[in-house]
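Could you put together the complete structure from these sequences and hints?
Per the numbering used here, the sequence shown runs over residues 3 to 432.
Everything labelled a hint here was simulated from the structure, so no lab data went into it. Glycine residues also receive a C-beta, built at the ideal position from the N, C-alpha and C atoms. Each hint should be verified, as a subset may be incorrect.
[Unchecked claim] Subject to a maximum C-alpha distance of 25 Å in a straight line, what follows is the list of computed DSS-like cross-link-like pairs (lysine-lysine): (1) Lys295 - Lys370; (2) Lys370 - Lys413; (3) Lys175 - Lys413; (4) Lys175 - Lys23.
[Unchecked claim] Each pair of labels, with its calculated beta carbon distance range: (5) Phe410 - Gly358: 29 to 37 Å; (6) Pro427 - Asp261: 30 to 38 Å; (7) Gly229 - Gln397: 28 to 36 Å; (8) Ile143 - Ala168: 38 to 46 Å; (9) Arg52 - Leu262: 40 to 48 Å.
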Amino acid sequence: MSLPAVVLPDLYAQRIAASGKNSGTLDVKWDDAEQLAVIDGFRAGREGIRRQGLSEVPGRHHLAYATTNAEMGLWFRVEPALHLVGSEAARRGAVTRLDAFRGHVVGGDWINPGKGSSTLAVTVASIPEVDEPHFVAWRLIPDIGAAEMIPLEVVEEMLDLFAPLADAWPLEKLASKTLAVIGTGSIGSAATEALSAYGIRRLVLVDPDRLSADNFARLRLDPANVGRYKVNALAQHLRERDPSIEIEPLTLDVIYDADLIRPVLREIDGAVIATDGVESRRAANHLLRRARKPSVFACVLSNGAFGEILRIRPPATGCLLCARAALVAEGAMNPEPSIDRGYGTGTRHLPMTAVGGDLALTGDLAAKAIVATMLEDLGYRDQRLPGDHAVLGLQPQPDVTPPFDVEFAGKLRWRRLPPPRADCPTCGRA
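Written out as structure tokens, the structure reads:
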């Protein structure tokens with residue numbers, strides 16, 4: 003049988019530790035299905051004032067609308083030895099005797115748990131070698147005279163999602179970067195989520211479209227957002243997970259609002275372009291190349307057969323037009339006309355057959371490519387990519403010219419991009 007668990011807001015933990023009392027009660031939000039308790043207030047001492055509503059953690063939690071049960075739990079200040087005893091018992095799959103638990107309560111300020119059921123309890127101990135007070139959660143079972151240690155999570159008011167990665171990933175370096183995502187549909191929204199997971203703290207989202215009912219088969223957004231602008235729904239989705247992220251949603255069209263987008267691009271460090279149409283991709287290509295910003299173009303080709311990543315790094319590589327011209331010169335297919343596929347019937351009377359997982363995989367790879375580009379420029383050689391043009395097998399098709407002739411699903415092929423062409427209308431006159 004799984005053990006119940008307790009979520010204790012750090013604000014209440016610190017107030018309990020500093021209260022000067024040795025015991026008290028806890029107000030608890032309880033979910034029986036989850037066997038989960040969220041502490042929503044406390045009383046210090048038998049006659050103390052109940053402190054509730056001080057922490058924002060319960061209001062942001064899954065149990066925000068659950069009833070708060072006043073004085074459902076107990077807390078005790080204990081000698082550090084109790085936590086050692088409880089840890090050893092838990093390691094052996096055993097429990098601690100309730101009379102031994104009681105014997106470790108500081109000052110003997112014991113409060114009897116109710117009979118006939120278990121009672122949640124939290125203990126706090128001052129450990130000389132540790133600056134912070136140490137907290138442990140328990141299930142007290144008086145009918146069998148047992149105290150069982152259970153999982154406890156002490157949660158800060160502003161949860162730093164990335165704190166566990168601080169020693170393993172260059173969060174501070176990436177926090178200074180601002181990246182844009184142009185086109186926040188299926189691929190773009192996945193790329194945006196991945197960028198936030200990599201530790202990018204400032205994002206600019208550009209898309210003029212609203213969410214329609216047929217978008218949600220390929221998006222991670224909730225269908226409750228139908229009719230909203232994609233950038234606004236996505237921004238809210240990310241902020242709900244991490245309120246500290248900075249997002250600027252722009253309901254602009256990269257073609258018709260180029261004069262408004264151009265100054266925005268001067269302030270960013272790079273971009274992912276995941277628009278559906280050939281025209282919008284070319285407009286974004288021109289704007290970003292002229293702004294001399296690295297960019298990653300992500301799309302699916304041939305009705306979902308391939309995912310494609312193109313990394314443009316001015317001035318080392320040519321732009322999107324240069325890359326396409328090089329493919330044609332090599333006798334390969336020109337994939338650009340196959341990009342413009344609307345959902346359902348498509349603008350070429352063909353359905354968009356790529357499924358959500360494949361589109362998300364392409365978006366994730368695009369996010370990796372632009373983040374790796376940022377980090378490589380900062381000196382992280384382990385983030386160097388093997389090329390600038392990647393073809394990812396999704397539903398590979400036979401008789402396709404290189405470099406799109408990947409043999410099986412999941413195969414990833416990288417190659418280099420050519421330098422800028424002198425006659426390129428985007429690169430040549432830049």
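Hint check results:
With a C-alpha separation of about 17 Å, the suggested pairing of lysine 295 with lysine 370 holds against the 25 Å cut-off. In summary, the hint linking lysine 370 to lysine 413 is supported, as the alpha carbons are separated by about 16 Å, within the 25 Å threshold. Between lysine 175 and lysine 413, the direct Cα distance comes to roughly 31 Å. Violation of the 25 Å bound is thereby established for this hinted pair. Proposed proximity of lysine 175 and lysine 23 is contradicted: the alpha carbons are some 44 Å apart, above 25 Å.
In this structure, phenylalanine 410 and glycine 358 break the distance hint of 29 to 37 Å, their C-beta atoms being roughly 21 Å apart. The hint said 30 to 38 Å for the Cβ distance between proline 427 and aspartate 261, and at roughly 19 Å that hint is violated. Taken as a hint, the range 28 to 36 Å holds for the pair glycine 229 and glutamine 397, whose Cβ atoms sit roughly 31 Å apart. Judged by the Cβ atoms, the range 38 to 46 Å given for isoleucine 143 and alanine 168 holds: they are separated by roughly 39 Å.
The hinted range of 40 to 48 Å is not satisfied by arginine 52 and leucine 262, whose Cβ atoms lie roughly 53 Å apart.
Checked against the numbered hints above, the structure violates hints 3, 4, 5, 6, 9; every other hint is satisfied.
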